[in-house]
Structure formats: structure tokens, C-alpha cells
Amino acid sequence: MSGWLFLFTVLYSAGLLFGMIFVVIMFSDLESDYINPIDFCNKLNSFVIPEYAAHGFLALLFLLFGQWTALLWNLPLLAWNINKVMNNAHMYDATEIFRSLPGHQKEAYFKIGFYSVSFFYYLYRMIAAFVADSEF
Amino acid sequence: MSAPADQLPPGWAAEWDATHQRYLFIETASGHTQWDPPAAGPVGLENAPTGSPPPVHHGKRRQYAAGQTQAYYSGDAAAADPTYAAQGAGLQAQPQQGQLFTPGLAVENQFAAQQQQGGQPSAGAGQPSYYAQGEPEYINGPAFNQQPQYGQPQAPVDALAGQFGQMGMGGQKQFQLYTTNLLTSPPEPRDLQRPPPEIRLPPNSCISPSPTANADPSYFRSTINAIPTTSSLLSKSKLPLALIITPYRSLNDGEEAVPLVSDAVIARCRRCRTYINPYVQFIDGGNRWRCCMCNMTNEVPQLFDWDQIRNQPGDRWARAELNQSCIEFVAPTEYMVRPPQPAVYVFLIDVSHTAVQSGMVATATRTILENLDRIPDEEGRTKVAIICYDVSLYFFSLPQGTTDSSMLVVSDIDDVFLPKPTDLLVNITESRASLEALLGRIGDMFQENSIIGSAMGPALQAGFKLMAPIGGKIIVLSSTLPSVGAGALKNREDPKILGTAKESGLLQAASPFYKTFAIECSRTQVSVDMFLFSASYQDVATLACLPHYTSGQTYYYPAFNAGRTEDAMKFAHEFGELLATPIMLEAVMRVRASRGLRMASFHGNFFVRSTDLLAMPAVPQDQSYAIEVQIEEAITTPFVVFQTAVLHTTCYGERRIRVITLALPTTTNLSEVFASADQVAIITFFANKAVERSLTHKLEDSRDYVFQKLVELLVSYKTSMTSSGAGASAQLAISDNLKMLPVLVLGLLKNVGIRQSAQIPPDIRAYSQALLTSLPSQLLIPYIYPTFYSLHNMPPEAGTIGEDGVVLPPSLPLTSERFERHGLFLIEDGQTIFLYVGRDAVPQLIQDVFDLPSYDVLRGGKTTLRPLENPFSQRVNAVVQKIREMRRGVYYPHLYIVKDDGEPPLRLWALSMLIQDRADVLPSYQQFISSLKDKVNGAGGTGY
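First to last, the sequence lines map onto chains A and B.
Going by this note's numbering, the first residue of the first sequence is number 1, and it counts up by one from there.
Going by this note's numbering, the first residue of the second sequence is number 1001, and it counts up by one from there.
Treat the hints with care, since some could be wrong.
[Claimed, not checked] Ranges of calculated distance between the beta carbons of each label pair, as one might list FRET restraints: (1) A:Leu-123 - B:Val-1921: 26 to 36 angstroms; (2) B:Gly-1563 - A:Ser-28: 58 to 68 angstroms; (3) B:Arg-1590 - A:Trp-68: 52 to 62 angstroms; (4) A:Ser-28 - B:Thr-1230: 21 to 31 angstroms; (5) B:Asp-1414 - A:Gly-56: 30 to 40 angstroms; (6) B:Thr-1500 - A:Phe-8: 43 to 53 angstroms; (7) B:Val-1337 - A:Gly-56: 40 to 50 angstroms; (8) B:Thr-1500 - A:His-104: 43 to 53 angstroms; (9) B:Ser-1601 - A:Phe-57: 44 to 54 angstroms.
Since the hints were derived computationally from the structure, they do not count as laboratory data.
Glycine residues also receive a C-beta, built at the ideal position from the N, C-alpha and C atoms.
With the rest of the complex left out, here is chain B:
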């Protein structure tokens, strides 16, 4: 197909419209669009007399071309614009440069050529010139005309080029594989903090020198950082190939916002729809680009070299999409099915007797009230509605401008209807007064409510009806098992079947309502968040289906009682943070990959709408998704590219596309595959896989699966990478970068979500499984492998403010061998913090930290630690505070004091976090490793 872009009159651009399968013609100056090709004559005439930007743009554009592709445009361009022709000649004086970077071709030659050209500011060689001068506009800017720019002192430029060359050389360095013997090297917690194996791309594969041109592991990481070229090589290594994506993560302090491309110039491959990224090649002197995934040649949009804001030529090499891996585009109307929706929050509050008694209602309404200002509402468009429910539904009409609100009761829950067409879903700003008044009153209103039972299903249907035309977020707060109406559930908890093969049945949805309703929600862009508070069985497994398929999240506060300040604080903090975080609405996510790679299966909170399209009505921050990748055919390119695109509406009413690009080298060498494996990504993937298996099969199968995977991996490593081959070996070898994998697998096997035990209530398990499948790596790793600190003898700088905030003590391996009877220890997994007090703790320590005279007076359990007037207490508090704040996500861990001789359940719970110890039937790390060794050597019975 010949692109009409070439035949366009000046000032016009053509863009292929996928939905209509034809070109859309855009007048760049005015933004006017039309379907019919513009006629050259009239437009030219129109523009000529005014001398408006388009002709200028035209000239500059041609000038660029003249410099680069004299051969293509011959004398034509020169005749059209003499000034630029002269410049063109100046450029021509340089040795003509051929194609740009072609990693597929002779890399060496290209590399040499690149180095030679390094010093020359030729527009085509984007990287070195960009580097050498660091001046964004030099191509077309005023400096371009000045001869001295060319005569720059050669030495520094060469030095820079040399530097660049060295950077490039990095790509040719082989991965060094260091083998570790697991039997002699105990796990070292610090290893988990190490970054994943470096991504060593072949030289010249990236057109940008920017260090952020490849994805940050916190956004996008792969289990293997050097992709095997064939599936047989991959299966030989026994490593899983999967991507771990956190497309919408919160920004660290001091981190810059994701760069935004706001000029609506979105260059995409015509065939595979890949967005332009730093790994494409420009060919034909920069007029076309070759897609890095499918090799298709595409036109470069004319506006790429035009700065629309200042209306002057721009520098394409400075464009964010060619320099950054993670960017956002402002999406034009082609990407919308309707105008951007406002953010909508519907709160469904359980006001049954139990809920009111636990203080949940009062805490929740107060939290909403306090956080009304933090709910994202920049444009004043955000809407909220509040529906309370017990066995009937209570709607609240909130008219504008008054403080009055009226309650409308609907007790017909079999056929839910909205009692009033308006004023139920109201604008926060407009109805602020009545909203505040209502939130202040709800607690009192239902204070005397003695009704027991919950019509959660009908309440969901009502909330859904209310917001279905817009979409948004439903936040359900529930203290009881839904008992009436649609979606009523039965108490199916049966202690007898815990720990048996039937247990996985309890982790599956009991009622189809929560799946079909989830699908309806997904269709109408409604996302559901669940806050669950029950002290008794609440069927978290079934209720968690709704958040799971509508990309929400489940929060569980077992036996919530607002009478305890800790409970109230935790819930209020997490709920408040949730309300304050900006969300992405109406999102779809797609991951594209280079030819030969296919996204095989998807794990996480979303609905899979087609083979590769994930529907997410609202994307919360800091949720992670795992995607298994299959190598379908042999890969011939030296590197592959993965690209995640999330089309979404921000909660500020702008349609955007977030694009994250990850480029990884390929390899035919098994040792490189091993040396580049990322243990953190692997365990994240295993966690997802294990949970999936525990639902489709049995809990036992899921444990066996993970264990078996590890054994296969070790066997494969032993046979192919060590001298012992297939024979027995006295060692248990693994590459250095994977040496924490066995202990992480052990941690996963001992995690509440899939642990072998007959004691774990199904609700706790289901919640833990929801966490395992949605936490980003940063939170998941401590959840699987908790951190353990010794506080009584922490180094003097620990707990004080250092360069990166509060300094944490060194973390210890998770074994009770490290306990000392007189010590104070801290164990935390990101969800809970335990302060473990040794029984011989000196009174001074107890006095300093807890303000109590002696160990005997100290009581175990949930607590709030008050900072006291002594340095040790302040340091301990600083450490606790730091632990609560250092990770992403809304979680605010509870602090428990655990006494060495305190109540057994609490003590066992705390000790169960020391996963390297033996507990009940679960093996210690030593036992686990030796059973692994037996398995790997082909001996040894079943199990681990």
C-alpha cells in the first residue's frame, strides 16, 4: 500500500485510522481533520499569502531531508529553498552516511562506523551527536547555521565518542556465570536487594543514549534477561519465561513524573501497531522507521520534526518516546469510544448490627469525610454516591447547595430499583455541604440498628445501576457474610476438610453471581474494591472474585474492632490512601512482543477480553501482573522488544496511553540464560502460578508444582553447567544470581496462601492468595521472605537519619538461631510487624522501649509504640516508621508485641515467619536443601 503522505500538500499529515481502515488527513496548523485527501492547489494558495507556519514547516522539513537524502530529492529541494540548500551542502560535505543502526547486520562494522562518526554532528547519527552536544535543537536551531559548531575541538568529542563506545562495548561482554554450592552458602538476605542481572543489549540497538531508554525493573521485568532464541533452549534450561508488569506504580520520592507526549503525534507501526520507541531504526535518511518487532517500514509523521507548541522546527531526538522507556501519550479522539468519563466512587456501607457494633461504620464514614479533599477531583467532575445496606437498601439523596439529605429506603431487594432518578450520584464539589452533613450523621443514624443480615448482592446491583452509564469504582465495606438476595452465600467453612484435598474447593467461588456480576461490571467499566471486616467466616474467596475480575483489590481486617485504636488506624490509613490515590479508568492493556514470542497466559486482577487484551475498568496503583511468554518460532534478531500499552482515562479526565518498552538481548548460550535469570521475577511468577494451580487442582498440587519446577531447574543446571553431568554430585549447584531462589521457594511453600496446614481458616488463605497474585515484587518479596532485624544490638547509625532517610539495621537470615534470650527483635513481612521480646530482656530495655518496669508487666498483642524521651526508643520508632513507609502500596502494617513465653498462637504466628526454621511438618532450610539434593541426584522419596 502506498502511503498518501508523500503526495500531500504542505502542512498536511496523513494518519492511518485502524477503525475505519483508511487514512485520516490532518491539517497540522489548525488541527482540522478530514477523510478526503486534501487538494494541493487551494491549500497552497490559502497559505501562501499569509505566510503562516505551514509553509515554514514545509521548508524546514525539506531542509532536514536535503541534508540527509540529497539523492532522493536531487535538485528539487535546493531550488525550492536556496538557504537550506546551502546548509544541505554543508551537511553533504560530511561523508555520506548509509543506513543507521542495523543490529541484525554486521554489528561489528556498524559499531566501528558509529565510532568514527561519533564526533560528527550529523542529524542521522542520533546517539553520538545527541551526546556530544547535548543541545536539543541543534539540528534546526540557530546554532545549526553557525559554522563553528562543526569545528568543535575534536578531542573532547572523541573522548565522548570513546566513552560512548565503551558503553556500547558492554553489550558484547559475555555474561559471566558464577556457580554457587547451595549446601555451603546459606541464604543472605542482602542478596535480595540486588538489582536484577544487567540487560546487555547489543551495541547500537538503542537510538537513545538515555539511561532510561530501557524499562526500570519496578515497571517491567522479565524472569530471564537474555531471551533464548529457541523454545528448545528455553525448555532445556527449565527456567520459566514470564514478564512481571507493574504499569501503574507509585512514584518514589523525588522521582519525576512519567514524561508526557502531549502533541498527539503518535507514531505506530502499521502492521503490528507497536508504538515508536527507542529501539526502532530510522531509515531513508530519517523519513521512515523500521518497526523493531515486525520489521515493517513505516512513514515518520511529518510532525515529528515540528514543535507544535512553539511552532518551529523541533528535534526529533529530543522526543520523549525516542528516549524514555516509560511514557504517556495524550490520546486523540480515535482512541475514545466516548468522551473521557469523570471519576465516580460509590460507597456501599454495611450498616447491619455487627458492622455498627464493630465501629466500622463510624470509622469508614469519618475516613471518607476526612479524605473528601484527597479524592482526585482536579476538574470538579468527580461524583460520589453513598448507599447503606443491611437487609434493605438505604439511598441518600443529596441535593446541591443545602446541607439537607433525605434517606430513601428500598426493601424490595429481589428486583432492585433506584428510588430517585437524580441526586443520588452527586458531584463532590457541588454537593459538598450535604455530603459532609450526611457523612457526619450516618454513624448515629444506624447506631441502634439491630438488624442482622446483609443484602450485599442487591446493594452491588443498585450501585451498579447508579453508575453503569459512567463507570468508576464501587467500594464495598462489609462486616458480614451476604445472606439475602442475589449473591447470598452460605457458611461453608468446615474445619474437617481443612488440610485435605477438598480444601481447594473452599478457595473457589461458591456462587456464580460474583463471576457473572464481575463480567457485567467489566463491560460497563465498573471496578469493585472489597473491604471485609468479619470476625467470623465471610467467604473471602468468593467475594474476592469481584475485585479479581474487575481489577480492584480486596482488603481484609479479620475481627475488626474500632475500639482498638490500632485497628481503626490501620483501616483509616489504608482506606484513606486508597481514596487519595489517582486511578486509571476505563483501561485496556495489551502487551506486544517481537516476532516469535507470544503471550501465553495472564495472571493478575483483570478480565481477559480477547486472546491478548486485558480489560481493567480501573487500574489501582501498585498492582502487578504476570504474563507467561511462549517462544513460538526461533528468534533471529539479536534483541527482542516487549511493549506494554495501557490505554486509559486519567481520573482528571484525559484519555492517555501509557507505553512501557523493554528490550532484551537474545542468546543461544545456555550459560547466559542461567546467568541472566532474575530470581525475584521468577518467584513472583511462581507465586501466581501456585495460586492458579491451587484453584484448578489441589493445594498440594500447587506446592508440588513449585517444588518440582525448582528440582527440574537444579537438575538442568547440574547436567549442563557443572562437571558432574548426570551423575550424582556432592554439591547442589546453582548460578550465583539464582542462589536465593531455593529459600524464596521455601518461603512461598510456607506462605499462608498455600502452606500445608489444617489450621489456616479459608478466609485467611483466600486473602493471602489475593495478595500473592497482585502485590508488586517490592511488596511480594518481604511477604514471601520476611525481614528480620535485631534491635537491641543494632549498629549506632541504625534508626538515625542517613543519606536515604532512616537507616535500617542489617537484616538477618530467617532463623531462630539468631534469637538471644535478652534481645529485642523485629520481624516484618510488609503486612505485619512483630516485636519479639526475649524472656531475659533487661528491665532497662523494656523501660526504654515500652515505658514499663519489667518484662513480666509487658503484655503481648497489637500495640501502638509511643516514642519516649530516650534515644533508643526513638531509634526503634524510626525503624518501625520507616518499615511502614518504605514500600509501595497502601498497606499500614499492624505492630504486635510478641513475648518469648507469651500466648502460643501469637508466638507461633511470629515464629512461622522464620521460614528457615522447621515448623510442624514443614522442613527447615537445611532439610529442604538436602531433600532438593536427593531429588536432584535422582534418589530420595516423594515430597520435600
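Extracted from the complex, chain A is given alone in its bound form:
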């Protein structure tokens, strides 16, 4: 059972990873003036909540299936996201974007790292689970 769960989460985190790569590409587009800050923020702001929700859903799955290690690994980011939403600081603000860009970029790189580590961890757990299944 947990094998199938991790298969799902592997694909899921891969999707999140690509999402973050898209964000980083958008940042460099903005820096090299291929996109203006207004369009940039409109575009990215529509992805912020879906991304947070997707990550929240992942954490929820781990909670429901009782995968405590995986849940623990995801909790800090979940808390970070929730905190941002509570402070109303999760949206990209076009008026301040060039001032806050370095911070946003750092966050995006961190998330790329986080999702890729997650990806390999879930992959390992998936294989481990399937191997364990096949032994019986």
C-alpha cells in the first residue's frame, strides 16, 4: 500500500519541482526584461495558492497514511507557507518586486532543493516498499 502512495508522491513532487523551475525561469526573464513586472506578478500569483495547496495536500496524505517521517520532513515548509499566508505576504507585489527579488529567488532555489531531495527520498521509500512487498 505504502509503495503505491510513494509512487504517487514521487510523481507529485516531480510536478512541484518542475513548477519551481518554471518560477525560477520567470525570475530570470524578469531580470533580463523579457517580461514586465505587472505581467510577471499576475502570472505567478495565480500559481502561488495552487502550489501551497498541492504541498499541503501531500502533507495531508502522509498524515492520513501515517507516514510520520515523511510528514515530519514536510512540516517545516508547510509551516513556512502557512505563516506567509497568515501574514498576507505570499503574493508577489509588482510595486516592490525588484526590491524583494533576491529574497524570492533564494526561496525558489531552496524549494527546488527541497522538492528534489523529497523526490529522491520518496523514490527510495517507494522502491523499499515494493521490495518489501515482493518479499512476502
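Please build the complex by placing chain B on the supplied structure of chain A, with the hints as guidance.
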């Protein structure tokens, strides 16, 4: 890429078009343009028989070339035009001159060569020859043919060359660093009036001898006037590197207008798009120019040596862009996305009960009415609209040619629509009669209005809808907190959180509406000015977002009451001035700099549209912007150039580019960096930085930041410039040109905008922060470090008319030690004037100035000082008048009488301007300096 300019038939010019990435070919005589390269044959045939200007131009052009680059054109030019060949020979007789000024190369040799050539009127050596003869057209003009011009008496020319040489020598002089001990030298207010450290460019870096070839500090100044070559040197000095730009400042009396280049010949670097300026080099005998920023070699436009107005050869050395730092170009169509827009003013007038009761509505409409003639409208194109609002919107239809106007009420404020497609936004000239009639009636119309509430957001949306196709200026006059519809705000003022870490939250925008709407405005070239009048909380911090991002300005009149003449006068004066000032519309600003320098962050009222492009829908006069500069790679050139370009439409319907060029020398020497630092620019930058930090962090952080910066600077100075090195020192050393910086920092820390206090209402703070980030240095310095005069014992010439208008008394240091119990003092910060009356003031003084029998009868508070029939009163009035008029900007300071034993709040307010005194928890100057000293010596606790 080979420029097609060389292969062009005569009379044609090629210009690179950045938007289409191809050359645009222009027939210079007719102005005809085309994309395809012109064929040589037909054009030549066409022109030949008529003998029209183009061939002549061609000849003259070649003549210029022949004189300079015989080698390039060999016999060809001579054969083509024998007369000019002869002249060419004449020129050739002079020793052949090599390249022009190459500051990057051996400066000494160049300099020597320059001196030798000084006397020779060779076209290439622009500077000396220009100087020696002062005749604009001598190269191609009739004088050119006359031999005697060459045989000018050698002596005076040499003398001039010598003079010039001395001027050049100035550049090689080292900056002298004078160290001052802050502990023993108290601040001297007069030092603030000194000009910034001189800019000493290396010799021959400028091709123009004009004194205005480098930017005036009032337009463009840098925190350091000798740029360190590496970022490590800069960070070692701990000085901030920033530019303070006031591109559109008002002109002083008697100052000439910014020179205009109207022939549409705009030479720009092909690579970095820099505009040609006095710091480029001409090479190849003047056929090409080398960009001073990226070293790219560019073609000189053929029209550079052609006077299009008189249709005869012109003198390029007389062109304004090669002689002036601040110039304006008339922009051709490539610089327009649409034909120049007319100026549009939309007035949104709050007519709710409070607004009407305070008399704001009546004063505002009367002011508009009185200033209708002053609104810039030379072409008769300017449009206005008036929308009143309480909880509904009242539109006014103003048909042409009648005095009738009809009111249209829209009470659906959730989905704002325009009740009528036409006649709402009308031309001032055409609908003058109905406009005047309406403005006369609005006050009465809403006299009985008892509705409380404000639909400012919907009113903004309506005004925006009305003018969005054109763009322009929305002027909002509001007396209450917006309460209904989009952008409604809540009263979030909470006295409990004042002075705590949460206070900075009150300075941030409460509703996203004012940011998103600002972006929309910026997109459609709409700028918003806010006039706020409320006696209670109005959330200035949120409302000020709109002017902030749309390059407008916030004006705040707390507890406005037109019943007091002072209030009405102040508002009417400032509002009237605002209406009368010419504005720049549809502007974008970009600052370019030499290679290795990057504009890192921007502060001021605008919207940052891309990494280095600032969008400003309307540029008001006298607004200042600060830009932080980063040194990205080591600079190898002896001097660097910064260039601000503002592409804009004037309110008279002409597309123009204002270009301001600032050249600064570079240095590898730390002491030169210190000696060339400009304390006024530094504090202007710190003010911007502090306000930014108070919004992103906490108010306390912003104070710590500024204080820490000062400590770092002093530490760096002590370790590298004084003998004590890293050890403890009994002195607190700083270079002489920075000795006012500590007291300015103290003034900034004590400014209402960021002062540590639990008493300052957030509205007052937010307004003060808006001022701190937008005032030009001339206004900002008194706002941070007020001026203090003693009037009762002012010298006899003070208050009388001198050479530069009214003579002001000498300013005193800002400390109450200077108070005398029998005296009359004046303290002013450019926004308010206080007349401080000592309690033992003799009755004669009170009688002379206030026309009252004694001190006891005198009442404190806002007042108007009437000139009386005695010389002292007239002198005091002259001083007050001078203070109100001497600075830029629309501000008309209130005059308060403060009695020594009068009401405590007013007295404390006046005394809070004496920043060298101790007040509450804030340190006196002495305490501040000694805490600085402790910090610098590594001891001492936290805080200041």
C-alpha cells in the same frame, strides 16, 4: 556591422532604429524617411540641376573631412571641390594632429600636446579653439577663408591656452583631506550651505570648456565625487555610493531655461544607447565618436555639422549637447508610442459633510477657479473634469459654449460607470464659461450635504475610466477616511501600539487596492496627487501609496479649517502652485553609467517597470530620486559618466528627452574617497534608506541602520586615516567635508518620520516619510536640520534688501542654549515657521512686531504676521517672506507664535526642532557624539 552611412548618396543620413533593428534613411533636406537604402543615382540627378542645399551640404561636409582626414579621402575630395581643397591645404599646413583626447592613454603627453596646439584654430581641438576665438561658426563660416584669422597675435592666444592649461591642471591636483575632531568642533550651520566637494576631472576628459558641461548638484549629485575603482575600496570606506537626481527642478530666478536641441539630430551610442555628451571623444578626424561609457565607436550624424534652420554648415562645437550637461532633445516619432497627449486634470472633490463643513470644498473650488488661467494650456488642448463624491458620485456635464452644467448622480458604486460618454472631460478653453459657472456653484450646491462617508475608491475608478485613454493627473481632495466601495479602509489607529515594534505595520498599505490601482494608473499614464484634510485618522500611509507609485505627491493639512485664514491661505497657495507648475507627462526615466557600475536600487515616487526603467506617468517639479549604485567590476577608466535620460511629453504637447550627464573622476586612493564625499547627498540617501527600512523591518531597525552606518564610517575613517589605527582614540575624527554628517544623522533620527516616540500619530509619520523620500536636497536639509535665527538682535542689514534679495540673519546652531529670555527667535524647517517669544520680551518688541501692548496679551498658535509701520516689523516680515519663497517646491510654511510659557504641545513641537538638545529619550548632540565615540572605540553598550 558596417554602417550604411558611408555608402549613402549625398543629402541622406542613416539612423539606427532600435525598435525595428534596421536603419532608417532620412533625406535631410526634406525630412523624408524611408526604410530602403536610397539609390545614389536618381537622388543625385534630382538634386544636381536645382542646386538645392543637399549638394552644398555635401560639399561642406567633405570640406570638413578634407581638413581633418586628408589621408582618408586622399585626392578624391580635392578633385570634387577645388575651393575646399585649397582650404584643406591651408589646414594641412598645420602639424597633423593625431587622435583627440584620450584620457585613458598617457594623460600627460596628451595634455602637453593639447597645450601646444592650444593656439591653433584646428577644427579638431575643439576646446582651445573654441575658447580662443569664441566665434561659433569659424570653422565653416566666412572667417574661415580669411588668412588673417590664422595669423592672430600669438600672445593672447597663448595666454588663453595657458589659462586653459591651468584649468586642466586642476584635475591633477590631489584632494586634500583635512581631518576634524568632532569632539572639539561643534556643528556650524553655515557649513551646510557650502557646495559639495569639487569634481576634479582629469584634464582633457571634457571636450567643452563650458562650466556647465558637468551637472549642477541641484540636478544630479553623487554621494562621492571621486568614484572608487573597486568595490572593495568602496566597502572599505563604508561610504554609501548613490546618486541623488532631481531631473525636473524649477529654475531659479534669472536662470536660463534648459537648452533645447530642436533639430532632431540625436546621436546615441549604438550599443549602450547613451546620448552624446561633452565626455565623448571624436576620432577619425571627427567622423566618428567613441562612447564614454562602453567605448563603442559610432558614426557622427552628418547633420551634426549642418545648421538646418539656416541651411548652411554649422559648428558642431557650438551644439548644446556637446557643451551642456543638462539638455533637452525634441524627440522624433521613433520615441513615441502615440502622438503627444494633451495635459488632463481630473479633480475628485470630497463633498461629504465633514469636507463641506471644514470649508475645504469652497476653498478648493475657488482656488481652481482662480488658477484656471495658470493651468498649463498654451495650445488650448488641456482638458479638465470635475467629479464630486460622498457615498455616491456626482459627475458634471459641461457642454461647450454655454454656462449651463448638469449634474449626473451615480449611486451604484460597486460597478462604476460613466453616465455620459461626452462632455464630462472638457477642454478648458472651449468650456470655460460652464466650468467657471460650475466652480462658482459647487460650494453652495453641497452646502447642506449631511452625508457622512467617502467613496474615494469608486471615485478614483471613475476618474480613471474618464481619462484612461489619454492619461494625465488625478487630483484627489479628501477630508475623510474612504469608507465605502473599493478601497474602503478601517480606522486601524491604535495608541497602544505606537512606539512598539508593531508600529511599522501602520505605515504600510492596509488595502491592496491602492497598490493594484496604482499599477493600473501607471500603465495608462495616470498620476495621482492626494490632498488630505482630515482632523481624525485618515490612513495617510495607505493613501500615499497612490502618489508614491504614480509619481505624484501627497499633501497633508491635518485638521484643516478654512475658517482660519492661515489654513485657507496655505492650502490655496500650495494647490494653486501645483496647478500652475508645468508637468512632464508620460515619462520614463533611465540612468546609464559607465561599464562596471550598476544601478542597484531605486528610491522615490515612481514605479520600477524593469530592472533599470522607472515609469512616471507625470513628473512634478522638484521631486528628488535616490539611486544606489553598485561597483560590479573594477573600473579602469580615469573617469566615469552617469547619464539620466527622461523621455517625456511636455504639457504643451511636445515629446522631449531631457538628458543630464554627470562625469566623476575615479580614484584608487581611500583618502580621496573620503575627501570627496558629499554629506548632503549622503543624508538624502540615508533618509530614503531609513524610510524603506522602517516599512520592510521596524522603525527601530531603520534608526539602528542609519546609526550603524555612521559608526562604521567613523570606524573606517579612524582605522585608515588617522594615526590611532584600530586602537582607542581620544578623538572622534572625520574628514572636514563630512563633519556635519553626525548632526544630520542625529536630525534624521529625530525627524518625525522615524523618531523614537509613542506620541506621533501614524498619519503624521506617514506624511513625514513621504516628504523624506521625495524632497530635493535643498528642502530636505532644513527638514532634517532646521534653521534657527535670532531676530531681536539680528545685524542691521538682516531683513533688508541686499545683493541677493532679502538678507537673512546668521543661522545659529540648533540648541536652546542660544535662547535668551527677552528675545525673539525664529525656527523653521521649510514646512513650518515658529516665532519663539521669550517670556521677558520687552513690551516694545511685542508692540513693534505683533502690535500688542505686552507679552501677556500675546496668544500662541497659527498666525498671520502683519507688516506694521516700523522698521523692525518690516524686517521680520521680510525675513519670514524670504523663508517662504527661497526654496523650491510649492510649500508655504505656516507661521506659529510660540510663547516661552505657552501651551506645552506647541512649545514642545517647536523645541523638538532644536535637535542638538536632549528631548525625552533622545540624546543631545553631546551625548550622541560621545556614544558615537564609545562605539567607535569598541566600548559602550547598544543604542545611541
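Among all the numbered hints in the text so far, which are the ones the structure does not match?
The structure breaks hints 1, 8 and 9; every other hint is satisfied.
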